Amino acid sequence: MGKDVFEIVVNCVKMLLIFLVMVQLVPILVWLERRVSAFMQNRFGPNRVGPLGLIQLLADAVKFLFKEPFFPEKGMAVMYYGAPIMALIPGALALAAIPLGAPFHLEQFTWLGREWGPYDFIMQGYDFGVGIVIVLGVSSLGAYSLLMAGWGSSNKYSLLGALRASAQMVSYELALGLSLVGILMVFNTFSFYDIIAQQTGMPLTFNFFGKVHSIAWLPNWGIFFNPLGALIFFCASFAETNRLPFDLPEAEGELVAGFHTEYGGFALLMFYIGEYGHMMVASALMATFYFGGYTIPYVANESVANWVSSGGLATHPNWAAFLTSLIFFLVFLLKVFLFLLIYIWVRWTLPRFRYDQLMDLGWKTMLPWALFNTVLTAVWLAFSHRPV
Amino acid sequence: MSALLAFLIFVGILAGFGAFLIILSSSLGPRPKPNPAKNMPYESGVAGTETAESRVSVKFYLTAILFIIFDIEIIFMYPWALSFMDFVKSGQGMYILGAMGIFIFLFVVGLIWEVKSKALDWNR
Amino acid sequence: MLSSADFLFYFLGLVSLVFGLGVVLFRNPIYSALCLVITMISVAGIFGTLDAWFIAGVQLIVYAGAVTVLFVMVLMLFDLKHEMKTFSKGVIGNGVKLAASGVLLGMLGTYIWATYATEPTFKPLPAAATSSIKATKDLATSLFTTYIFSFEVIGILLLVIAVGAVTLSRITGGTHHAD
Amino acid sequence: MPINPEAWKVGLDHYLYLSSLLFIFGMLGVLMRRNVIVILMCIELMLNAVNISFIAFSRYAESTNGQVMVFFVMTIAAAEAAVGLALAVTVFKKFKEVNIRFFEHLKG
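Protein chains in written order, with numbering that gives the first Met the number 0: chain A, 0 to 387; chain B, 0 to 123; chain C, 0 to 178; chain D, 0 to 107.
Treat the hints as calculated values from the structure; they're not laboratory data. It should be emphasised that the depicted structure is a prediction, and the values quoted were computed from it without experimental measurement. Using N, Cα and C, we set each Cβ at its ideal position, and we do this for glycine too. Hints are not guaranteed to be accurate.
Claimed, not checked - Using C-beta positions, here's what the derived DEER-type ranges look like:
| id | chain 1 | residue 1 | chain 2 | residue 2 | range |
| --- | --- | --- | --- | --- | --- |
| 1 | A | Glu67 | C | Gly101 | 50 to 60 angstroms |
| 2 | D | Lys8 | A | Tyr297 | 45 to 55 angstroms |
| 3 | A | Asn305 | C | Tyr9 | 40 to 50 angstroms |
| 4 | C | Ser149 | A | Phe5 | 43 to 53 angstroms |
Please work from the sequences and hints to get the whole structure.
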């Protein structure tokens, strides 16, 4: 975790901050969802409690806390109470593995009468070299919270809902995994930092069958190298998070609320935190792979650093370094919010799939198209980067 | 190594936070007043006839089996994606394309057979 | 003092052994399936302590995220009320089995004790490869150069299983009814 | 003979002890349990123990052959689990009971 006390403390604080980012973003997202859906349906949405209804979510959370604790008759305690905890874990673990901002370097500085050596911090929970494989592995654990909830509440229909939801989540994981193979081939690396480094600054340049073309007015983002993969990844991530138009397991008549029918109080809220966590992970991956991560499209990272230090904002170079990575963090947050907005927007526009249509779409259209995209990228790369 | 330590500490924080929330929410509310009608699993008003473990359509496990098989084929594509450009740049582009072509051909044959054998059809 | 790498190994090893034993000892198969999930995750962690990050990720995706989900799903589909007795009966049979594993454990125990009573040949961990990306690239290139043949055989094997598992689940044969 | 105080420093043989212990637990499970699914789970446990020793040897011998071998062991293990469970389901459908004793009736 670090060489000396300062680094360990900062790493632990960073860990807590990332966890708080996820837990605090959920109320904002729920508020945003209710406001945006209200706006779309030409009504107001929560605006009574606090300015613009922002405190509404705090009121809901407190109300949820004081509900009567309910335990189904023949339910299994370990599974019933374990499911909400298991719902929290995969989303947060995956989010902490994705870089939220540029790493920054602190020179030697004196503080509290002691000399603190130079440090290198990354705006990220923990950095495994092969980031994407760990993120996919951890987010594939999400199916267990559904199965445990369905089985623990010993209700026949919630078990059916849980099986349907996990079968859907499992089969769309295939398309999710396969759609990333194309973009990984283009970037030729697994680590997030190399991927983002290859997408910074210069306008779009690509090698098409030997000749290098460059389009000045397009940024060098991943989506232009692999548009089909981006589309499949984004649609499959809808199904991963059980959001509309793929939320059939929670919507059918007799399934009522699917796997979390028997839950009330804060456990229900924890399932929502899990769902929004998966949504944030999918939007963060979308932004990192296809839209240049935390970098500003045409501006190289160094020019942002120079702008901050020259702008007189920060006197000490350490503060300048910290401020530049803060700017990158805000840019990344803006991109993630754009995708979250699209999630909410799609929820209130598209009708819901029937279950066999939903499974057919997953197995018979998304998977073949993702495979086609992989083969297409392979052939294009093989013929254009040939050593002539 | 320190990344793994951070990972485990984070799992500890999450599990602790979740358990704290569960304990808090079950201790704060009014004392649970068990009453038979409320404790029955919610079947939208209809009295449940059998317990949860009764017969449920066995179609789901077939999806899980096929998921495992195709997931492994995708896992084999990750190292291919990583070393693809190195092979192409060192002049072995056709070799790697051929090797993976056979693998993807088998993948497609398996997928087509699954579709044709109606293993994945949900008649509901 | 215990360095962080050693602590990680002992912690993950303990978790995987305890929950590995849980898989065997739990009467209700659903709880043993959940213990299997935790064992798989801790084994992925042990791969992490050995700097094999790509294999740890693949272990999480394949084992923890696919195979054990199939186990839990199939267990949920079965009617578990009248579960037969979980452990095999028969005094002689059990006696032989327990004796065999007792002998194995004994051999392992004496071996550990014998080596560590004298001077252990402690081989320090060699320096990790430059970066985990480079290590994964070496793995990938060796997979496609020296092991290309077995890679294709694995492709054929997966096709055979895809066909086999589906036809297996459709046979309605069987000669006798339940005795 | 006192145990050497330096023994707790983790070396290659610590990984081998862990993997052999896990293997013995898996073997015990396969021998003792009667439910087919739990037997398949214990086989997965034994295969994981083998994977740990593969990776430990590949790490200390600084070669990637061990990791490629783990790749193939994982494929075989997943294939074995898939086919084994398909068999178990057919037995369950036929005899409403999942017990290793019924497997010899499965012909045709």
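A quick look at each hint next to the structure:
no. : hint                                      : verdict
1   : A:Glu67 with C:Gly101: 50 to 60 angstroms : 52 angstroms, holds
2   : D:Lys8 with A:Tyr297: 45 to 55 angstroms  : 53 angstroms, holds
3   : A:Asn305 with C:Tyr9: 40 to 50 angstroms  : 48 angstroms, holds
4   : C:Ser149 with A:Phe5: 43 to 53 angstroms  : 50 angstroms, holds
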